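Construct the complete structure from the given sequences, taking the supplied hints into account.
Chain order of the listed sequences is A and B.
For the first sequence, my numbering assigns the number 1 to the initial residue and increments by one for each residue that follows.
For the second sequence, my numbering assigns the number 1001 to the initial residue and increments by one for each residue that follows.
Simulated from the structure, these hints should not be mistaken for lab results.
Hints may be right or wrong, so weigh each one.
[Said to hold, decoys possible] In silico lysine-lysine, DSSO-like type, Cα no more than 27 Å apart, as pairs:
#1 B/Lys1069 <-> B/Lys1007
#2 A/Lys199 <-> A/Lys141
#3 A/Lys141 <-> A/Lys130
#4 B/Lys1051 <-> A/Lys246
#5 B/Lys1007 <-> A/Lys130
#6 B/Lys1051 <-> B/Lys1030
#7 A/Lys246 <-> B/Lys1030
#8 A/Lys195 <-> A/Lys141
#9 A/Lys141 <-> B/Lys1051
#10 A/Lys205 <-> A/Lys217
#11 B/Lys1007 <-> A/Lys140
#12 A/Lys140 <-> A/Lys231
#13 A/Lys130 <-> A/Lys199
#14 B/Lys1010 <-> A/Lys140
#15 B/Lys1007 <-> A/Lys242
#16 B/Lys1010 <-> A/Lys130
#17 A/Lys246 <-> B/Lys1010
#18 B/Lys1007 <-> A/Lys141
#19 B/Lys1027 <-> B/Lys1069
Quantities reported herein were computed from a predicted structural model and do not represent experimental measurements.
Residues per chain are reported as follows:
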Amino acid sequence: MEVLRVLRFEVHDPFYNMALDEAIARSVGEGSSPPTLRLYGWAPMAVSLGYFQEVMEEVDLGFCRERGIEVVRRITGGGAVLHTEGELTYSFAVNNDGSYVPEDIEESYRRICAPIVACVRRLGGDAVFKPINDIEVAGKKISGNAQTRRFGAVLQHGTLLLSIDYSLLGALRPRAEKLRDKGISEVGGRVTTLKEVLKFEPERKTVAEILAEEFGKSFQLELSYGKITNKERELARELVRKYMSKEWIFRR
Amino acid sequence: MERIGVKKVKGGKLIKVRFVEEGGIIKEVKISGDFFVHPEEAIDEIEGCLKGVNLSRVREALRDFAMRKAVRTVGFALEDIAEIIEERSDSV
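Right, here's the structure in full:
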């Protein structure tokens, strides 16, 4: 069976997190690294913006400064996400040769989200995939996901919420148009967490291990806990500069 | 003058178009939102294909672009951009 390299749960700063996801995608795309699942957390906390979003529209910069929340722009599209210590983040990178995920992007979200849905279900939550790129429990979002196809790779990264301090959601500026469409009046009303669903908060490391197992099962790959290569580490260090630059963060 | 139009695509994403129009011609345009475009850099070309275009020919310009370039959009369609610009151009 082909191997899925799993990079054990680690907590890193926002800029390194985004740089490492890109470095891994590049290595996987050029064939120098195998399919890879990386599990991680964020410290300090951060708002990650989608590639096409405007900083000023999405983020309350004053609030972020006060609470020590960084702002980082992703290489992927999608919406703004607040990353706190109550979140497990994953990134999944495979070659974009059509052998791992469907060519159709919307179909491939369903495909890559399948093990995340399975993970939440195994923990006891009634999770369902919600197109285009969300996973919900009882109509509330528990996981958001974003994908890019570059460097010969498919990279999807996303979140699984274990718990949240709702007072921190002030970092995100709510969008009236979006809320109206969903018929809900505030940001906090749209999300849920494993803690709320399961009535207890599992350990992030435990959830990370279950998630890895489900990815292995779902893609019929043999889990191989490993490390990043020297090349990936060096590339990530270089890419950190891009992710920290004002030009990148404020490009829209 | 600068105009801003926003659309929440049904079952899709939020898309915002900010454009500067002078004498019925688009001078500047910036498209933002929580949508997806593959490849991502194509957003610059989408914006580029609208620069210098008459407000009455936005749809055509986007259609020409789609024929020239293999771009995939997720959560919106190029026509949504045209719709937003046309709606905000009513008073022109």
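Hints, verified against the model:
1. B/Lys1069 <-> B/Lys1007: 24 Å, holds
2. A/Lys199 <-> A/Lys141: Answer holds: lysine 199 of chain A to lysine 141 of chain A is near 17 Å, not above 27 Å.
3. A/Lys141 <-> A/Lys130: Satisfied, since the Cα-Cα distance of roughly 9 Å is no more than 27 Å.
4. B/Lys1051 <-> A/Lys246: At roughly 26 Å apart (the allowed maximum being 27 Å), lysine 246 of chain A and lysine 1051 of chain B satisfy the hint.
5. B/Lys1007 <-> A/Lys130: 21 Å, holds
6. B/Lys1051 <-> B/Lys1030: Holds. Lysine 1051 of chain B to lysine 1030 of chain B sits at ~10 Å (cutoff 27 Å).
7. A/Lys246 <-> B/Lys1030: 18 Å, holds
8. A/Lys195 <-> A/Lys141: Distance ~13 Å between lysine 195 of chain A and lysine 141 of chain A Cα, so the pair holds.
9. A/Lys141 <-> B/Lys1051: 38 Å, violated
10. A/Lys205 <-> A/Lys217: 19 Å, holds
11. B/Lys1007 <-> A/Lys140: Between lysine 1007 of chain B and lysine 140 of chain A the Cα gap is close to 23 Å, so the pair holds against 27 Å.
12. A/Lys140 <-> A/Lys231: 40 Å, violated
13. A/Lys130 <-> A/Lys199: It holds: about 23 Å lies between the C-alpha atoms, which stays within 27 Å.
14. B/Lys1010 <-> A/Lys140: Answer holds: lysine 1010 of chain B to lysine 140 of chain A is near 18 Å, not above 27 Å.
15. B/Lys1007 <-> A/Lys242: Distance ~31 Å between lysine 1007 of chain B and lysine 242 of chain A Cα, so the pair is violated.
16. B/Lys1010 <-> A/Lys130: 14 Å, holds
17. A/Lys246 <-> B/Lys1010: Measuring from Cα to Cα gives roughly 33 Å; hence the hint is violated.
18. B/Lys1007 <-> A/Lys141: 22 Å, holds
19. B/Lys1027 <-> B/Lys1069: 22 Å, holds
Comparing the model with each numbered hint stated earlier shows that hints 9, 12, 15, 17 do not hold.
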